[in-house]
Every structure is written in C-alpha cells, then in structure tokens.
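Student: Those protein sequences? They're chains A and B, same order as listed.
So the first sequence is residues 160 to 419, counted in this note's numbering.
So the second sequence is residues 160 to 419, counted in this note's numbering.
Quick caveat, the hints were computed from the structure, so don't treat them as lab data.
Keep in mind that a hint or two might mislead.
Unchecked claim - Heads up, incomplete: computed chain A residues facing chain B, CB under 10 Å, no partners named:
id, residue
1, ASN173
2, ASN298
3, PRO409
Unchecked claim - In the EDC-like style, the derived pairs of lysine to aspartate or glutamate whose C-alpha atoms are separated by at most 20 Å in a straight line are:
id, chain 1, residue 1, chain 2, residue 2
4, A, LYS346, A, ASP311
5, A, LYS384, A, ASP226
6, B, LYS313, B, ASP335
7, B, LYS275, B, ASP311
8, A, LYS313, B, GLU183
9, B, LYS313, A, ASP226
10, B, LYS313, A, GLU183
11, A, LYS346, A, ASP226
12, A, LYS313, B, GLU186
13, B, LYS271, B, ASP286
14, B, LYS271, B, ASP335
15, B, LYS275, B, ASP286
The beta carbon of each residue, even a glycine, is placed where N, CA and C say it ideally should be.
Number of protein chains: 2
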Amino acid sequence: MKKPALAIVKIGGNVIEDATALSEFLELFAQLPAPKILVHGGGKRATQLGAQLGIPSKLIQGRRITDAPSLEVAIMVYAGLLNKTIVAGLQARNCNAIGLSGADGNALMAHKRPVKEIDYGYVGDVDGINNNTISALLNAGLVPVFCALTHDGKGQMLNTNADTIASELAIGLANDFDTVLYYCFEKPGVLRKLEDENSVITHINASYYQELLHAGIIADGMLPKMQNCFHALRHRVSRVCIGHIQMLQPGHTRYTTLTL
Amino acid sequence: MKKPALAIVKIGGNVIEDATALSEFLELFAQLPAPKILVHGGGKRATQLGAQLGIPSKLIQGRRITDAPSLEVAIMVYAGLLNKTIVAGLQARNCNAIGLSGADGNALMAHKRPVKEIDYGYVGDVDGINNNTISALLNAGLVPVFCALTHDGKGQMLNTNADTIASELAIGLANDFDTVLYYCFEKPGVLRKLEDENSVITHINASYYQELLHAGIIADGMLPKMQNCFHALRHRVSRVCIGHIQMLQPGHTRYTTLTL
Chain A
160 MKKPALAIVK IGGNVIEDAT ALSEFLELFA QLPAPKILVH GGGKRATQLG AQLGIPSKLI
220 QGRRITDAPS LEVAIMVYAG LLNKTIVAGL QARNCNAIGL SGADGNALMA HKRPVKEIDY
280 GYVGDVDGIN NNTISALLNA GLVPVFCALT HDGKGQMLNT NADTIASELA IGLANDFDTV
340 LYYCFEKPGV LRKLEDENSV ITHINASYYQ ELLHAGIIAD GMLPKMQNCF HALRHRVSRV
400 CIGHIQMLQP GHTRYTTLTL
Chain B
160 MKKPALAIVK IGGNVIEDAT ALSEFLELFA QLPAPKILVH GGGKRATQLG AQLGIPSKLI
220 QGRRITDAPS LEVAIMVYAG LLNKTIVAGL QARNCNAIGL SGADGNALMA HKRPVKEIDY
280 GYVGDVDGIN NNTISALLNA GLVPVFCALT HDGKGQMLNT NADTIASELA IGLANDFDTV
340 LYYCFEKPGV LRKLEDENSV ITHINASYYQ ELLHAGIIAD GMLPKMQNCF HALRHRVSRV
400 CIGHIQMLQP GHTRYTTLTL
C-alpha cells in the first residue's frame, strides 16, 4: 500500500528574524497540503535576550555551551516567543498549528550529551520520537510546530539542533509516511560555485555526492548539513530538498533535491 | 448515559514559584485519574523578567495593562519557561502532559478586550473553546497544560486571566464531561474568619452563598473568584473546589466545595 506523503519543513533564524520573510514563509507553508510538520530554529533572538539579561554566550573551543541560564533563555525564546508567533501566524492563515517542544506529549526523547572533551551543558542527543503522540496529532488534522528543544524524561529540558530534530522526525515517521524533508536556508540550494547563486545543482544522488565531495565543491558549513541529509536518506526518508523558502511554491524548480 | 469525569485544575503563582510546592503539586496532579487538564497562571516571574529588561509594569487606575513589550515577556515566561518546566516535570512523573496556549490547535479563541474607560492592551476575552482539539488530545491520552494566553485568530496572542481560562474550559467541556473545577490558592478554602485557617466552610451552595454575601463573609478579593465559580456552576459545571493543593490528595476533606 502506498504510504501517504508527509512534508517536514525546517526553517532557521534567517527566516524567523525577518518579518517579511517569515510572513512569506507562513503563507507558503500554510498552503502546503497536510499532513505536514514544521521545525524552527532559534536565531539571534536568544543571544540578544541573553545579552540583555547579562548572560554571556559561553563558548569552549568555538562550540556554544548551554549552561543553566542559557537554557532558560532558549526555552523562553524558542518555546515561548518564536513558537507562539509562528503558531498564531499559521492559525491566522487557516493552518491548525500546534506548538511543541520535545517534552510535550513526550514527542522527542533525548539524553544529555555525554561529556567527552567538551561539556556542552544542557544539550540533548535525540534517542527517538514518540510516534503515538505525533500520529494522534496528525490524525486530528493538527500541524505540529516543533521548536529546538527536547527533554530527558526526568524533568530536564535540553537544547537540540533543529536540523537534527527535523531529520529524526522524518526518519522516525518513515515507516508510516513517505517523508520528504525540506531544509530552508539562506541559499537557493547546493551551489556549484559558492559565489554564484545561479549555479544551483538541482539533483544530487549518493554517487554524485561522492564526486562533489572529492572535487571539494561540498565543504565547510555545507558538509555537516549534507551528512545529516544523507543520514536521513539512508534511513528511508524519501527525499531531501535544500533551498530558499520559495522551493515550497508549486512549480518552483530552482533548489537541490537529494536522493540515494 | 453517565458522562465521564474530567478534572480541571488551576494553579497560580504561589505554587509555581515555590519549588517545593510545585514539586508536591506535580506529584498530586500526576496521580489524579485522567482525563484531566491543568491551567497555570504566571506569577511574579514575568514581572521580574520585565524589570530586568527595563520594561516597567504599566498600571492604569490600579489595573495592569498589557502593552506590546509586556505581552512578549508574558509569552516568554508563561508559554516558555513556566509551561515547559511544568510539562517536563509531569513527564518525569509519567503524566503525558502537552503544553498549550490558546493559539495551539486554536484551543481558546478570544478577542482583544474592547476599549471602554481603560485600554487594557493585549488582553483577551474568551469567545469559546475548541472542543475538537481538546477532545482529540484527551482521547489520545494526553494531559493538556494551558498557560494564560489566548489568540484572536488573526495572528495576535493575548493575555488572559488563568481563572477565566479554567472556568471557560470547564463550561465548554460540560456537554461531554462531568467537569469538576479545582482552584488551588494560598488558603485552605473559603474561611468563615479570614484570620482563622481552621474556619474552612466545607460546602457552599447558591442560597448559602447569598447568606455569606449578606453577612459580609465573602468580600474583597474573594468576591470575583466566587462570582467566577458560580458562573461556571450555572453553566453546567458539576462542582467547584477551592483550597490548598492538598485538596487533590484522596481522602483530604478540608477545602470548600461549591455547588448550585
């Protein structure tokens, strides 16, 4: 039996923090056929609030550390301000959104990242998703909107990368759905030449990915993003699309599709 | 056919802000039989955060005004920090809580309070509840945890009194459930003598309420609370209970029950 399609869309700070981009995105997302799920990152708002409250960003070896005060700020901004702005904005566009952190309905179970060289603090590595909760919401016609927070089941909220949450959701739901993962970011797709926005590579499969890696076309910040995408594809996610938010528009073709 | 029982419990700042009281409450609430709903207020945390951010509390004629910056603070604290602390705490106690504002699943529809003598700002008067959403969540075995925020369906979040949200939920669900409303507050119940905590009146019906009103035993801060309770009872809520959080303990009898 053919599985129903499920779109999982991830947006980051570049969309959330720009009122025009956010409004355009909400229109596009609201018009996508259901079932669908939105995952949003945090952006600079949490850093701003932390600075206003005199909570410095803590970095060790260039990595951001989530100490207890930073976690409180993240919870306020991600689960509070950003999540409710998005949910209320989708409701205004007749999209029956419901905001969630990983603790809500025990949707995303995680554990605090074990301390090796670096203690990342209250950062969660995802153990799995709760299909019962998410299916119940989708079956009720609701549209889950996840912020980048999980919990450990023992009362502790944890900060978790939004890209990872999106791919874990797509993987965890692949048994029941034909899951397509959309990563919206600041570029129109994977570019053959970094400085040329017209050089979007429209399709990359696993073998072409190896070629692009060897040719050094995929490097730096794009590398972990692509690794995350192929991880999802190897775990039965049907398709991953990378590009501007406009890729959600029917008929738009200028973005990168990844398949195995 | 007998309707299933549904407990709707409201807690305020006095419980939320005291770590020991909150932990005790979460234990008691987790042990209540489902279906059940929790509604929580805000407490002083929002005022504190506002002060830290240099956003002064705005009062007109002694009434709190919710201007745009205060609303942002309320969303961060109520829907973010407090709601997720409570949800994660309930999850740790095997209670499958799901945090909600009125915008989530369009659960609580409201309109901005019309300006008469005072412009209260972004304050919402509840128009109704969304039985479809709430029933879907309850049927999935989830335990809704509402913060004191609603929305207007046009993208605007609104600040709404938690007592009112609790009674609107109890009234709106009375068709499908035998709803019992529990208001936890800082006193063990309605007191015959304000200074004597042993003078709890255990049962008040509508005619006894009139007597107590005429005798001046119910006055001041208790008056709007009681009006709200009798409003709920007149709209088919089965029973309203007022007292300390310990009233949720099986066998505890020292609290006030209100009926028609």
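Student: Hint by hint, say whether it matches the structure.
Tutor: Checked hints:
| no. | hint | verdict |
| --- | --- | --- |
| 1 | ASN173 | 21 Å, violated |
| 2 | ASN298 | 8 Å, holds |
| 3 | PRO409 | 24 Å, violated |
| 4 | LYS346(A) to ASP311(A) | 34 Å, violated |
| 5 | LYS384(A) to ASP226(A) | 25 Å, violated |
| 6 | LYS313(B) to ASP335(B) | 29 Å, violated |
| 7 | LYS275(B) to ASP311(B) | 19 Å, holds |
| 8 | LYS313(A) to GLU183(B) | 16 Å, holds |
| 9 | LYS313(B) to ASP226(A) | 37 Å, violated |
| 10 | LYS313(B) to GLU183(A) | 16 Å, holds |
| 11 | LYS346(A) to ASP226(A) | 31 Å, violated |
| 12 | LYS313(A) to GLU186(B) | 13 Å, holds |
| 13 | LYS271(B) to ASP286(B) | 10 Å, holds |
| 14 | LYS271(B) to ASP335(B) | 28 Å, violated |
| 15 | LYS275(B) to ASP286(B) | 18 Å, holds |
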